[in-house]
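Undergrad: Sequence:
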Amino acid sequence: ALADLVEQAVAHFGRLDALVNNASNFFATPLGQITAEAVDDLYAVNARAPLLLAQAAAPHLRRSHGSIINLTDLHGSQPMRDHPAYCMAKAALEMVTRSLALELAPKVRVNAVAPGAILWPETGKDDFAREALLARTPLARIGTVEEIAEAVRWLIADAGFVTGHTLRLDGGRTLS
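Whatever position you read off the sequence shown (first residue = 1), add 578 for our numbering.
There could be a bad hint or two in this list.
[What the hints assert, rightly or not] Just the calculated beta-carbon pair ranges, DEER-fashion:
1. Asp-704 - Ala-614: 31 to 37 Å
2. Leu-583 - Leu-711: 34 to 40 Å
3. Leu-580 - Glu-725: 26 to 32 Å
4. Thr-613 - Pro-637: 35 to 41 Å
5. Phe-739 - Ile-612: 38 to 44 Å
6. His-743 - Pro-608: 30 to 36 Å
7. Glu-681 - Arg-731: 22 to 28 Å
8. Ile-696 - Arg-626: 21 to 27 Å
9. Ala-601 - Thr-722: 17 to 23 Å
10. Arg-708 - Leu-583: 35 to 41 Å
11. Val-740 - Ile-612: 34 to 40 Å
12. Ala-614 - Glu-725: 35 to 41 Å
13. Gln-611 - Thr-722: 17 to 23 Å
Read the hints as simulated data drawn from the structure, not as lab findings.
Ideal Cβ placement from N, Cα and C applies to all residues, glycine included.
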């Protein structure tokens, strides 16, 4: 099915210049409540699908000297309480990024964007939680969807000497 998706895109556009793996699944898996199904679900969406899509797209991207961008997460490198399976899956995607950068170079560049807090949930998080997060963020704000899109665009179009890198867009939060 994933290979068919790639072939449909190539048939429609005539070529493939970039693959952006942006799909994600996110939910808590507190220790003691983790199920195999939850782990499989998080891993399938956050790591396995991007790897298999990259494999299907690789021949086309080699021809076009294209680029792959994986959307990871700040929590691919920093743990988050009650989310070990999600963190594991995003860490796997960071390794997929680096591995594919080696495998596909020099014709295809592979990078990742790891957003921090971008969209604040409309329900379930109070103002105290938001203020606590901002206190741990040196730039003292959450990011914007436009900033993430611009980073992806830059990595695809302008960052010709960057591969295997995870660009952390977190307002400096990983520093604190």
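Undergrad: Just tell me: holds or violated, for the beta carbon distance of Glu-681 and Arg-731 against 22 to 28 Å?
TA: holds, 24 Å
Undergrad: Should the hint that Val-740 and Ile-612 are 34 to 40 Å apart at their CB atoms be regarded as holding?
TA: holds, 36 Å
Undergrad: So the hint says 30 to 36 Å: do the beta-carbon atoms of His-743 and Pro-608 match that?
TA: holds, 32 Å
Undergrad: Can the suggested window of 17 to 23 Å be confirmed for the beta-carbon pair Ala-601 and Thr-722?
TA: Between Ala-601 and Thr-722, where Cβ atoms are some 20 Å apart, the hint holds.
Undergrad: Within 17 to 23 Å: is that where the Cβ-Cβ distance between Gln-611 and Thr-722 falls?
TA: At 34 Å between Cβs, range violated.
Undergrad: Given a hint of 38 to 44 Å, does the C-beta separation of Phe-739 and Ile-612 actually sit inside it?
TA: Roughly 41 Å apart at Cβ, these two residues keep to the hinted range, so it holds.
Undergrad: Starting from the hint 35 to 41 Å, judge whether the C-beta atoms of Ala-614 and Glu-725 obey it.
TA: Taking Cβ atoms as reference, Ala-614 and Glu-725 lie about 36 Å apart, which means the hint holds.
Undergrad: Do Arg-708 and Leu-583 keep their Cβ atoms within the hinted range of 35 to 41 Å?
TA: Cβ of Arg-708 to Cβ of Leu-583: about 37 Å, so the range 35 to 41 Å holds.
Undergrad: Using the C-beta atoms of Thr-613 and Pro-637, is the stated range 35 to 41 Å upheld?
TA: holds, 37 Å
Undergrad: Quick check: does the Cβ-Cβ distance between Leu-580 and Glu-725 fall within 26 to 32 Å?
TA: The hinted range 26 to 32 Å holds for Leu-580 and Glu-725, with Cβ atoms some 29 Å apart.
Undergrad: Taking the CB of Ile-696 and the CB of Arg-626, does the distance hold inside 21 to 27 Å?
TA: Cβ of Ile-696 to Cβ of Arg-626: about 24 Å, so the range 21 to 27 Å holds.
Undergrad: Is the hinted range of 34 to 40 Å satisfied by the C-beta distance from Leu-583 to Leu-711?
TA: At roughly 36 Å between Cβ atoms, Leu-711 and Leu-583 fall inside 34 to 40 Å, so the hint holds.
Of the hints listed earlier, the one the structure fails to meet is number 13.
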